Amino acid sequence: MELKLTVNGRKVAVDVPTDMLLVDLLRERLGLTGTHVGCDTSQCGACVVHVDGVSVKSCTMLAVAAQDAQVTSIEGISGAGGRNSLHPMQQAFHENHGLQCGFCTPGMIMSAIDFANRHTEPTEAQVRHWLEGNMCRCTGYQNIVAAILAGTAAMHATASVEAA
Amino acid sequence: MGNITGIGAAILRKEDQRFITGRGNYVADVKLPGMTYAVFLRSPHAHARLLGIDASAALAMPGVVAVLTGEDLKADGVGGIPCGWGITGKDGLAMKEPPHPAIAHGKVRHVGDAVALVVAESVDLARIAADAVVVEYEVLPAVVGMVDALKPGAPAVFEDIPDNLCCDWEIGDRAATDAAFASAAHVAKINLVNNRLVGNPMEPRAAIALYERSTGHTTLWSTSQFPHVVKLLMGNFVLGIPQHKLRVIAPDVGGGFGVKQFHYAEEAVITWAARRLDVPVKWVSERSEGFLSDAQGRDHVSEAELALDETGKFLGLRVSTLANMGGYLSTFGPNIPTNLYGPLLAGVYTTPAIYCEVKVVFTNTVPVDAYRGAGRPEATFLLERLVDIAAAQLGMDRVAIRRRNMIPASAYPYQTPVMMEYDSGDPSGCLDRALALADWDGFPARRAEAATRGRYRGIGLSTYVEACGLAPSRIAGRLGARGGLYESATVRVHATGDVTVLIGTHCHGQGHETTFAQIVSDKLGIPADKIEIVFGDTDKVQFGMGTYGSRSLSVGGSALAKSVDKVILKGRKIAAHLLEAGEPDIVFEDGKFSVTGTDRSLKFEEICLAAYIPHNYPLEVLEPGLEEQSFYDPVNFTFPGGAHIAEVEIEADTGTVHLLSYVAVDDIGTVINPMIVAGQLHGGIAQGAGQALCETAVYDEGSGQLLSGSFMDYAMPRADILPNMKIVTHSTRCTHNDLGVKGCGEVGTIGSPATVMNAVVDALSPLGVTHVDMPASPNKLWRIIKAARLAQAAE
Numbered sequence: 001m002e003l004k005l006t007v008n009g010r011k012v013a014v015d016v017p018t019d020m021l022l023v024d025l026l027r028e029r030l031g032l033t034g035t036h037v038g039c040d041t042s043q044c045g046a047c048v049v050h051v052d053g054v055s056v057k058s059c060t061m062l063a064v065a066a067q068d069a070q071v072t073s074i075e076g077i078s079g080a081g082g083r084n085s086l087h088p089m090q091q092a093f094h095e096n097h098g099l100q101c102g103f104c105t106p107g108m109i110m111s112a113i114d115f116a117n118r119h120t121e122p123t124e125a126q127v128r129h130w131l132e133g134n135m136c137r138c139t140g141y142q143n144i145v146a147a148i149l150a151g152t153a154a155m156h157a158t159a160s161v162e163a164a
Numbered sequence: 001m002g003n004i005t006g007i008g009a010a011i012l013r014k015e016d017q018r019f020i021t022g023r024g025n026y027v028a029d030v031k032l033p034g035m036t037y038a039v040f041l042r043s044p045h046a047h048a049r050l051l052g053i054d055a056s057a058a059l060a061m062p063g064v065v066a067v068l069t070g071e072d073l074k075a076d077g078v079g080g081i082p083c084g085w086g087i088t089g090k091d092g093l094a095m096k097e098p099p100h101p102a103i104a105h106g107k108v109r110h111v112g113d114a115v116a117l118v119v120a121e122s123v124d125l126a127r128i129a130a131d132a133v134v135v136e137y138e139v140l141p142a143v144v145g146m147v148d149a150l151k152p153g154a155p156a157v158f159e160d161i162p163d164n165l166c167c168d169w170e171i172g173d174r175a176a177t178d179a180a181f182a183s184a185a186h187v188a189k190i191n192l193v194n195n196r197l198v199g200n201p202m203e204p205r206a207a208i209a210l211y212e213r214s215t216g217h218t219t220l221w222s223t224s225q226f227p228h229v230v231k232l233l234m235g236n237f238v239l240g241i242p243q244h245k246l247r248v249i250a251p252d253v254g255g256g257f258g259v260k261q262f263h264y265a266e267e268a269v270i271t272w273a274a275r276r277l278d279v280p281v282k283w284v285s286e287r288s289e290g291f292l293s294d295a296q297g298r299d300h301v302s303e304a305e306l307a308l309d310e311t312g313k314f315l316g317l318r319v320s321t322l323a324n325m326g327g328y329l330s331t332f333g334p335n336i337p338t339n340l341y342g343p344l345l346a347g348v349y350t351t352p353a354i355y356c357e358v359k360v361v362f363t364n365t366v367p368v369d370a371y372r373g374a375g376r377p378e379a380t381f382l383l384e385r386l387v388d389i390a391a392a393q394l395g396m397d398r399v400a401i402r403r404r405n406m407i408p409a410s411a412y413p414y415q416t417p418v419m420m421e422y423d424s425g426d427p428s429g430c431l432d433r434a435l436a437l438a439d440w441d442g443f444p445a446r447r448a449e450a451a452t453r454g455r456y457r458g459i460g461l462s463t464y465v466e467a468c469g470l471a472p473s474r475i476a477g478r479l480g481a482r483g484g485l486y487e488s489a490t491v492r493v494h495a496t497g498d499v500t501v502l503i504g505t506h507c508h509g510q511g512h513e514t515t516f517a518q519i520v521s522d523k524l525g526i527p528a529d530k531i532e533i534v535f536g537d538t539d540k541v542q543f544g545m546g547t548y549g550s551r552s553l554s555v556g557g558s559a560l561a562k563s564v565d566k567v568i569l570k571g572r573k574i575a576a577h578l579l580e581a582g583e584p585d586i587v588f589e590d591g592k593f594s595v596t597g598t599d600r601s602l603k604f605e606e607i608c609l610a611a612y613i614p615h616n617y618p619l620e621v622l623e624p625g626l627e628e629q630s631f632y633d634p635v636n637f638t639f640p641g642g643a644h645i646a647e648v649e650i651e652a653d654t655g656t657v658h659l660l661s662y663v664a665v666d667d668i669g670t671v672i673n674p675m676i677v678a679g680q681l682h683g684g685i686a687q688g689a690g691q692a693l694c695e696t697a698v699y700d701e702g703s704g705q706l707l708s709g710s711f712m713d714y715a716m717p718r719a720d721i722l723p724n725m726k727i728v729t730h731s732t733r734c735t736h737n738d739l740g741v742k743g744c745g746e747v748g749t750i751g752s753p754a755t756v757m758n759a760v761v762d763a764l765s766p767l768g769v770t771h772v773d774m775p776a777s778p779n780k781l782w783r784i785i786k787a788a789r790l791a792q793a794a795e
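Residue numbers (this note's numbering), protein chains in the order written: chain Z, 1 to 164; chain D, 1 to 795.
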C-alpha cells in the first residue's frame, strides 16, 4: 500500500505491506535503528516514538495507520541549537546518568518528552507512575526519574524564554 | 593528582552521546548485503523423543533458503556446546557431563529446545515457513522440580544419568561442623527456596554471521559479554574454524547481567548455517523466545542450620542445597551453585566450622547459569535469613548478634574455613554507617505510626561479602575452570599523545569508556577526551576473557594500569635521552617528564612525538614507537562487602509491599567514578528487590511449560515499586592490585534480596511470621496475613 507521511521532518513516500508495523518501517525501511524492539507484548517501551506529537509504542501500530502523520523518532529531536544540538531531555539524561546500556534510552526519552509536554511541575511519583510503560533493567530507574524531572524543568524553562 | 578527569572524578559518561541520539550500534541494527533471516523452531514439549521432521512444505515456499536440523549438524560433524567448568564432587567423582547438541537430535529436554533452523529471505517468511515444518514428537513425562528429579523412578533427563544427579559436591570440614553442633546451646534452622529468575536484559540476544569464501574468513556479530571466549569455544570446539580465520564482534550490547556471558548454541548454529549456505544469516531473538532460551538464574532449595552458644556466638553452619541445572550444562552452570556459593557462606562472620553440600540436578527446564551475583546472592540470602531467625529464637537484637560475630577490621587478612582469604574489609564500619543513615534507632516510632494507618512496617538488615574479580587462574584451574581468567590491555599512544586502549573486557552498560579513560587520564595527566577505549572486536583487541563476575575493573583495569606504567617507563627512557640526564633522575608528574631538581622538562606529547619521529632517539637500546601490552592475572579474588538496610510497609488488607527506603553502604575499594558506581548500585539493588518482591520463573509441574513466559506474566520491577536509594561507599583498599579496586557490578544484587526479605519478615513478625519465600507478592502475603489473623483470633 502507498503510504505518505512525514518522518523527522522529511516527507516520505513508501510502498508497504498493510501488516507492517510502524517500528519495522522505521528500522528496516528507513534505517532509523534508534527505535528499538525489546519485547513482543507491548510492555517494554523501547520502541516509543511520537505520532503527531504524542508518544506511541511503534511496535503496536501499523505503519499504514500513520498515513499523513508526523512521526518523530529519537533521531529527529534536537535542541534550540539546531539539528545537531541536544534536546533538553537528551541533555538531562546525559547529565543525570540516566542511562547505562542505552537500549531502553530512546524510548525513555521519547516517552519523557511527551510526559513533560503534559506536566509543568510534576512530582517524582507522577514520573514513576508514567514510566509504567517503559522498562529499564540497568538503572533501577533512580537516575531516569531524576533526568525526567530535570529535563521537564529545562523544557519549560526553554519554553518560557521563547514565550517571553 | 588534582586531575579533573582522573580517578575519583564523577565525570559524565563519554559513551552517552551515541545512545541518547539513537546512534548506538546493536547487533539487530546491523544489515549486510544479501542477508537472510533465521528463525529457530523450538520444542513445545519439555521432554519428548524426536521421531521425525518433515520440512517439505516449508522448503516448497518461494524465498525459503533452508531448513536445517540436528541431523544436519551431526552430518557436518559439528560438535556439542562445551561446558567451561568441570567440577569434582565428593570422593573425587567428576561431574556428569552429558552432550549438549546445538540443535536437538534424538530428544528434546526443555520447552524451547531448538529442533530446527529455518532460513529465508525475510524474517516474516522464515516465521511462516517455521509454522509449516511438521515435527513428530513422542511426548515423555517431564520433571521440573529438583526434589522430584532426585526421587527414584523420576523421568531421566539423560538416559545414562538415571538419577538426574550431575554432581554431589561439598566444601568444608564435616566432622568439625558436626562437633560444633554437638556442643551447641542453640540451633537455628531454616528451609528456604531461592526462586528461579529470568535475567531479561532489555536487548534480546541476536547473532549475524558472514562467511567470505574467497578468503575463508568468518565473522560473527553476537550480543556477547565475552567475544574472545566465544571465538575460542565456538571456533575450536564446536565448528572447527581456525582462530586466525574467525572474527567475533560484540558491538553495543544492551545489558548482560550474566545472561550474555555464555557460549550459546544459537550463535554457533547461525555461524554454521552462514558457512554451509554461503549467505549472511541474521537471527534476532524475540522476548518470549528469550524466556525459553536465555540461561536462567538461581533456583535453589536449601536446608540450613546455625549452631550457637548461649551468648549468640556462631559455632558452626551446616547447609544442604539442591541446585537446578535445567536440561543441559550451560557454560558456567555447574560452577555457580558450588564454587561461587559454598565459599561465600562464611559471610562477614567468624563462624569457625562450616560444611556445605550441594546436589547439582538436571531437570526438564531451561538451563540455569550465572545471573548477576551468581551464587553469592544465594549464599547471602541463606546466611542472613538464618541469622535473623537465630536472633529471634534467642531473643537477641538483630544488630547485636551480627556485631557479636563480625570479623573485626583488625583481623584482616582473614582466612575463612571455606577456602577464601579475605584481604581487606571493615564490616562493622559499614554497619555503623548504614544504621545511622537509616535511622535504625528511630524505627519503633515509625512502626507505631504505620500501625495507625493499618500497615505493617518492617526494617531489615543484611551484611554481605562478595568474592569477585574472577579470577586467579591457578585457583580457578584447581576448581575446575577450563580457561584462564586473566585480562589483557594494550595502550597505543599515538604520535600526538592521544591514546587508544584495546581491552579484553566488554562493556554493556557499565561505563567502561569513561572509567578506563579516567585511569589512563589519571596516570598520564591527559584529559579523558584524548583517550578512546576499544573493546568487543577480536580483530582489534588482542585477547580477553570478557566481562562478568565484577571483574572488569579489578582484572581489566589492573592490566590497563600495568600497560600505562610500561608506557611511562619507556617515556622516562626517551626523556632521559632527550634531556641528557640519567633515567633515575627523571620524574613523571602532571603530564611532564622532568629532571629532578631542575627546571628542565618535556611534555608527554613531546615524548610521544620523539618515539614516532626518532631523529634524536636512543635507537641502539630502545625501539621506536609507544605501545605497550599487559596480561594481568590476579593473585586472589577481590572481596567487596557491606551492610544494607531496607524499610517496608505492607498493606494489611491487600498484602502489597511498599519499599520505602533503601540504604547501601558498600566497601568496594578505590572508587574511580562515584556517579557510575552509584548507578551500578541502583541497578543491582533493583534486580535484587525485583527477586524479593515480584520476579519469579514458574514452571507447570506436569507439563514443564514456563507459565511466566513473557513480560505479561513475569513481573519485572517498574519505576513505581522502587524508592530513591541512598548509596554510600565505605571503602578499604584491595591489597593485591595496584589500583586498590574491588568491583561494584554485583554488590547491589547480592545484598538486596536478604535485606528486603528481612524487612518483610520483620513487618509481619507481630503476626508470628518467621520466614517468607521470595517473591513477597501481594497474593502470597495476603494469604499469610489472613491465615495469621485467623489463627490469632482463634487463640
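If you are wondering where the hints come from, they were derived from the structure by calculation, not from laboratory data.
Because the structure is a prediction, the values reported are computed rather than measured.
Treat the hints loosely; a few may be bogus.
Across the chosen pairs, the derived CB separations fall in these ranges [as the list claims (entries may be wrong)]:
#1 D:A448 with Z:E132: 19 to 25 Å
#2 D:N191 with Z:T158: 28 to 34 Å
#3 Z:R118 with D:Q17: 24 to 30 Å
#4 Z:E132 with D:V698: 48 to 54 Å
#5 D:A448 with Z:H129: 50 to 56 Å
#6 D:D773 with Z:R118: 38 to 44 Å
#7 Z:S42 with D:D76: 38 to 44 Å
Glycine included, each C-beta is placed from N, C-alpha and C at the ideal position.
Right, here's what the structure says about each hint:
Checked against the given bound of 19 to 25 Å, the beta carbons of D:A448 and Z:E132, roughly 33 Å apart, lie outside it. Our hint of 28 to 34 Å for D:N191 and Z:T158 is violated, since their Cβ atoms are close to 59 Å apart. The supplied range of 24 to 30 Å is met by Z:R118 and D:Q17, whose beta-carbon atoms lie about 28 Å from each other. Evaluation of the 48 to 54 Å hint for Z:E132 and D:V698 yields a failure: the beta carbon distance comes to about 23 Å.
At about 29 Å, the beta-carbon gap between D:A448 and Z:H129 misses the expected band of 50 to 56 Å. Between D:D773 and Z:R118 the C-beta distance comes to about 41 Å, which sits within the given range of 38 to 44 Å. Between Z:S42 and D:D76 the CB atoms are about 40 Å apart, so this pair conforms to the stated range of 38 to 44 Å.
Consistency with the previously given hints fails for numbers 1, 2, 4, 5, ordered from lowest to highest.
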